[in-house]
Every structure is written in structure tokens, then in C-alpha cells.
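**Student:** Single-letter residue listing:
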Amino acid sequence: MSAAPAKSPQAGPRWTSLRLRLVVVFALVALTAAVSASGIAYWLNREAVLTRTQDAALSSFRQEMQNRAATLPLRPTQAELQAAATQMAAGGSPGYSVLLVDEREPGKPIAVTSDSDVLTLKDVPQELQDAVNRRQKVTEANEFPYHLYWVRVSPKGKPSLVAGTKVIGGGPTGYMVTSLEQERDDLNSLAWSLAIATALALLGSALLAQAAATTVLKPVQRLGDAARRLGEGKLDTRLRVSGTDELADLSRTFNKAAESLEKKVADMSAREESSRRFVADMSHELRTPLTAITAVAEVLEDEADSLDPMIAPAVHLVVSETRRLNDLVENLMEVTRFDAGTARLVLDDVDVADQVTACIDARAWLDAVDLDAERGIMARLDPRRLDVILANLIGNALKHGGSPVRVSVRPVGHELLIEVRDHGPGIPEDVLPHVFDRFYKASASRPRSEGSGLGLSIAMENAHIHGGDITASNSPEGGAVFVLRLPLDVSRTADGDGDGDDGGDGGVRDGQEGDSQ
Amino acid sequence: MTSVPFLLLIEDDDAIRTALELSLSRQGHRVATAATGEDGLKLLREQRPDLIVLDVMLPGIDGFEVCRRIRRTDQLPIILLTARSDDIDVVVGLESGADDYVVKPVQGRVLDARIRAVLRRGEREANDAAVFGNVTIDRSAMTVTKNGEDLQLTPTELRLLLELSRRPGQALSRQQLLRLVWEHDYLGDSRLVDACVQRLRAKVEDVPSSPTLIRTVRGVGYRLDSPS
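As they're listed, the protein sequences go chains A and B.
At position 405 of the first sequence the residue is numbered 418 (my numbering), and the sequence of numbers has no breaks.
At position 149 of the second sequence the residue is numbered 262 (my numbering), and the sequence of numbers has no breaks.
Source of the hints: derived by calculation from the structure; they are not laboratory data.
Treat the hints loosely; a few may be bogus.
What the hints assert, rightly or not - Beta-carbon label-pair distances, calculated as ranges:
#1 A:ASP374 <-> B:ASN260: 44 to 52 angstroms
#2 A:ASP374 <-> B:GLY282: 30 to 38 angstroms
#3 B:ASP175 <-> A:GLU316: 34 to 42 angstroms
#4 B:ASP175 <-> A:GLN234: 51 to 59 angstroms
#5 B:GLN265 <-> A:ARG284: 46 to 54 angstroms
#6 B:ASP319 <-> A:GLY389: 35 to 43 angstroms
#7 B:SER116 <-> A:GLU298: 35 to 43 angstroms
#8 A:LYS247 <-> B:GLY282: 52 to 60 angstroms
#9 A:ARG336 <-> B:ARG161: 33 to 41 angstroms
Just so you know, even glycine gets a beta-carbon here, dropped at the ideal spot from N, CA and C.
Given these sequences and hints, build the entire structure.
**Tutor:** Below you can see the structure in the form of C-alpha cells.
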């Protein structure tokens, strides 16, 4: 496969791979065709060659038997017999050896051979001798008592044709043997040629299968790559359509699907964008009247003591609700900034323990919070956002868990771990996954809380923008545990914009640390 | 400095202008108001206020531009009033020369505290002088001279230089400087310090891009050195 192996998790030889299957099928078809064609060709050739050689030898032998052996006198001498055999062997057109058997006196057979190395009576199979010597009944269908019989043998791996017959009317019995080695060699070389041709056909079919697979699989692979890119969110991915085949159709369908997907996503994000902008604009617009109201509300609050006791509570209510509204709008603005991705970090180097203490102190929580933090843990982060996170986590713990709330700070590797643990009833299991959801209320009937419903969600967003995280769980000893993880140096892990250092003098640090008080 | 601070409030929204005027007057300030940047600049020339509270979103020339125009001639403190805490606005505001900023909806008390903190920066202190290279800081006259020439510094820039010069060779963190100079609580925006250091460097350093007086101490903050 020419697929980039890094991209495809199943790259490498796959037994289910289409390419492999194609090659195997092509090869099987080619093999079957080549083997059957070669087999038939070989078989036909073999028969033709053998039959021709055999017919020539047999007809020559028969001729010689008639010409020489039949003309021998009855009861010939061994010398006469030997002379006839030698003549027969010399006169035969394909070279063969002759063995003649006759009886000089009854019960005393004489066997002479033209070439004792090649043919003796022992070399003639017994079955052939029996068949040759068996006298058959002369009938209408069978006019002769004796026939010519032959058999193919290959003693010691040398193929040869052995034939025998008896001269009718009491002549000698003659046997001949002729070598078929030449024919065997010819047939062997034919077999070799056919095998090579078969192998070539196999190879050719494999190459052909490769080519066919490539023409099919290239577009399929391009389609696969395009689909993967589409899945990765590159919605402008399109395929080049060429040709009019099924694959071109598929490409066209893919393009159409991608196009409508892109349009739909664009529509959706436009709608989302406009609704986000609406919230942003709305919270923005709310600020202008709120600013005026806030300023005036304070003036009213200062005067509340000197007001009619009937009016004073109303003024206090206006003031406190104005503050709530302020917080809500503030949180909404914060959320829209996160959603729009315009939230930025303003990094500074701070002592974490100082920051946590200041956060608790500023909200008058010192009595309700057990702080376990050593001074000297320096971190590079956005102190305002850390304060937002801590205020939300600790405020949440105080509200739902009750005091004392334990806050512990410790560095772990390159991370800062801040754990906020309360001693309340903990968080119900079904609520746990939703604690960071916006406006999530544990129960619909829960009384209106003083929070905006955005606090933990904003805390989470603030942790994320640092490249950190918050996890919520229940402690085995009871009570909820929120763990905030932040990198100790955000500028090194996150994209690190908003770096406060101007680095004018190359950021030389010469060991003179300020006493961080 | 008069005992009753005289402020110029430039804000286009009637309700906010009225409410803030009311609130600031009650805090004991004398307040003049303008609805546009142009009117504000005119009032500035006529009435010479001690401090300007400037809205960013103004019809016509916006708050940043007003800020830049004031800085060309005057070093009086400017507090930006921004309805957007979008960070880019804050950065642009600080770069255009503002001393501090507050985000709407602002509480009158917070704005008052900021105003008083900014005004305190111009107050005189102990009678001594310090020399750093070719820059001389005269604490009694509240003047800074470089090669004998007077430098025009805003009260904030001056206070920052004074705080740094009080601890020469010692690095001060941004949070420390925010407390000392801006009198912010622990959550001060460190970009105030960075922006002010930039402006200060532009005035006191020979080559602002490679400072020899106000050095950055990475991971800590800033330090004032005598050039060796």
C-alpha cells in the first residue's frame, strides 16, 4: 500500500486488504488457466510423441519379423537365429534390439539377442511373455492365433518400449526393446517450458492485479484521506473529480456531502456566533445603566441611616441587588470572553501562598478557612484569574460544605496543586458530573442561591486557560474535594501571551531577589 | 495641591456622568464634566484640573486619542473609565499614557480610592536627592533631570521612579510596585507596571530598548541600578 503508514492505523500487510485479495484472485485465475492449458498441452503432446515413436518401432518390428524371422527354417540352429536377430536389429528403422526365442529340440528353447546388454529374456516382463505365447482362438473377429503385444517399462529409470510377437505357424518368438529416452527428454523440456510459461503468466497476473488495484485503490485512498481530513475539521476538503466511472461518482457525492456539511457548520457557527454576540452585547449594554445605578446606589446607601426607617430597607435592597446584578453581568462578560476566545492571561510571578492568603483575607474568610501553604512557592500565572478560581472554590465550599474549609497548596513536579476540602455532606453522585455546568442547579426546588450559577464554570475556564484543570470528588471521610492543578510556569506550557516581561535587558537574573513583602 | 481635588470627568452617557458627578462630589471632589473629548480638551485648557477621569468610548475622538493628546502637553494624572475590560482596550489605554483604569460598572468608592491614590503620587517627600548615572532625582523638588535637563514625568512615573530609587539595586515585584505606587490591593494588574516602566524608560534611558537604569529581573520584577 502506498498509504502513509503513520496515518493509517492498519497499514502494513492486511489479509483483508483489497489489494491483496485482488492479487490473490488474479493469481488463482491465472494459475488455474495456465495449469489446465499446460496440462492439456503436455498430455496431448506426450501421447502424440509416444504414439508416433511406438507405431514406427512396432511396424518396423512387425515387418522385420515377417521378413527375417518368418523365413527361418523350422527348428533353426542358434547361429541362424542369431544372424536373423542381428539383421533385424540392424534393419529396424528406429534403433532397437531384438531377442529371438525358438526351440531346436522340444523343451530346449534357444534365446538369442542382438545386444545382450540391453535385451535378454529377463528384461522382458513375464506378463508380456505370457500374452505373446498365449494362443488365441481363431474366430471371425480374431483371425490370428498370435498378436503383437507391447508394454512400456522403465527399468533403472530408463523408459523403453518392449514388444513381442510369435510368428504364426510355429516360427520363433521375437521381442524387441527400444529406448524412449529421447522422447522423455523432449517431453521433459516441454514440461519445463510449460512450467516457465505458467510462472510467467502468474507473475504477469500479479502485476496486472497490482495495476488494477492501483487504479481502483488510488481514488479510494484519496477518498479515505479526504474523509479523514474532513473528520479532522478541514471542511473545505474537496476531491478532484476525473472521469465518469463509479469512483468519480463517489468523489462527486463526497464533494457534495462535504459542501453541505461545510455550509451547515458555517450556518451553525454563524448562529452560535450571533447568539454569543447577542449575550456579549447585551451584558455590555447592561453595564452603562448599571454604572449609573451603582454610583447612585452608593450615595443612597450612605444616606440610608438618615432616611425614613420604612425606606431604609428598600434602599439596602436596591444596593445589594445592584451588586448582585453587577456580579452577574461581570460573570456573563467573563463567560462570553471565554466563549469568544478573547480571554487573555496577564501573567505575573507571584508567591502562591501570599495570593491564597490575600484572597481569603480580602473576603474575610480567615476564620473559616484552614490554610496549609508554605510561603516561597513561586508561580508564573495570572493572579486575578487565580483569585477568581480560589474565590469560587472556597466560596462554594463555605456555602455548601460549611466551615472549616481546608485549603492546601503544594507543588508537584511542574505543577501546582491546590486542594479545597470541606466537611459538608459532599456532592451527590448524580450531581458530580455537572458541578462545572453553567447555571446547573442541584435540584430545581433549591432555593435561590446568592451565586450566579456561573462560578464553578468560570473557575474551570480560568483553570483551562492556564493549561490547568479542576476535578471535583467526594472524600472518603466525607465532604467534597476540589483539586485545582495549574502549571507552575504558564508561559512555558500555554501559548504564553500576555507575557508581562518586556525583556529589555535580555532578562538577566543576577540572583538579587526582592524580599517578597 | 489644593485641599479639594478638582477633577474633570469626560463621559458621554448622561446617566453615568450625572451619577458619577453626584458620587464624586459627595466624596469631596470638585467636579467639572464634559460630554465629548473635544469639550474635555477645551475644559482642560480653561480650568486646569488636578486629574482627569476619562471614558474610553466617546463620540468623535475616543478616550485613547484624548489621552494621547493630553500627554503631548500635560503630565496630569489620567484615570480611564472603560466599559470593556477586554484586555486589548486596557493595553491600548495604558500605552496611550493613562495612569490607571477602572472597569465599569465602577463603584464610587473604588473610583474615589483610585483618584486619591493617583493624587498622592505627586506629593512631596523627604529632602534629598539621588544620582543614577546621568539621571538626578530630586525628592524635595519632585523633579528629575537628565544631563541637567528637566524631564516631564507624570506623577505616576515619578512615584515609580522614586519607589525604585528608594531601594537601589533591589528587585521589586510588580505586585509590590502596584501596592507602593498604585496603592492597589493584591489583585493589581501587572500591566500597569509594565506600561509605566515602558514610558519611564522612554524618558530616562539613553536607549529605551536596552535599558541600563531600570532593569527587568526575570521572574521577579524591576530594579533600579546605577549604570556601571
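**Student:** A separate judgement is required for each hint: does it hold in the structure or not?
**Tutor:** We went through each hint and held it up to the structure:
1. A:ASP374 <-> B:ASN260: 44 to 52 angstroms: holds (46 angstroms)
2. A:ASP374 <-> B:GLY282: 30 to 38 angstroms: Between ASP374 of chain A and GLY282 of chain B, where Cβ atoms are some 31 angstroms apart, the hint holds.
3. B:ASP175 <-> A:GLU316: 34 to 42 angstroms: holds (35 angstroms)
4. B:ASP175 <-> A:GLN234: 51 to 59 angstroms: About 56 angstroms separates the Cβ atoms of ASP175 of chain B and GLN234 of chain A, which means 51 to 59 angstroms holds.
5. B:GLN265 <-> A:ARG284: 46 to 54 angstroms: Distance hint for GLN265 of chain B, ARG284 of chain A holds at roughly 53 angstroms.
6. B:ASP319 <-> A:GLY389: 35 to 43 angstroms: holds (37 angstroms)
7. B:SER116 <-> A:GLU298: 35 to 43 angstroms: Given range 35 to 43 angstroms: holds, Cβ gap about 39 angstroms.
8. A:LYS247 <-> B:GLY282: 52 to 60 angstroms: holds (55 angstroms)
9. A:ARG336 <-> B:ARG161: 33 to 41 angstroms: 36 angstroms Cβ-Cβ, so the 33 to 41 angstroms window holds.
No hint from the list above goes unmet by this structure.
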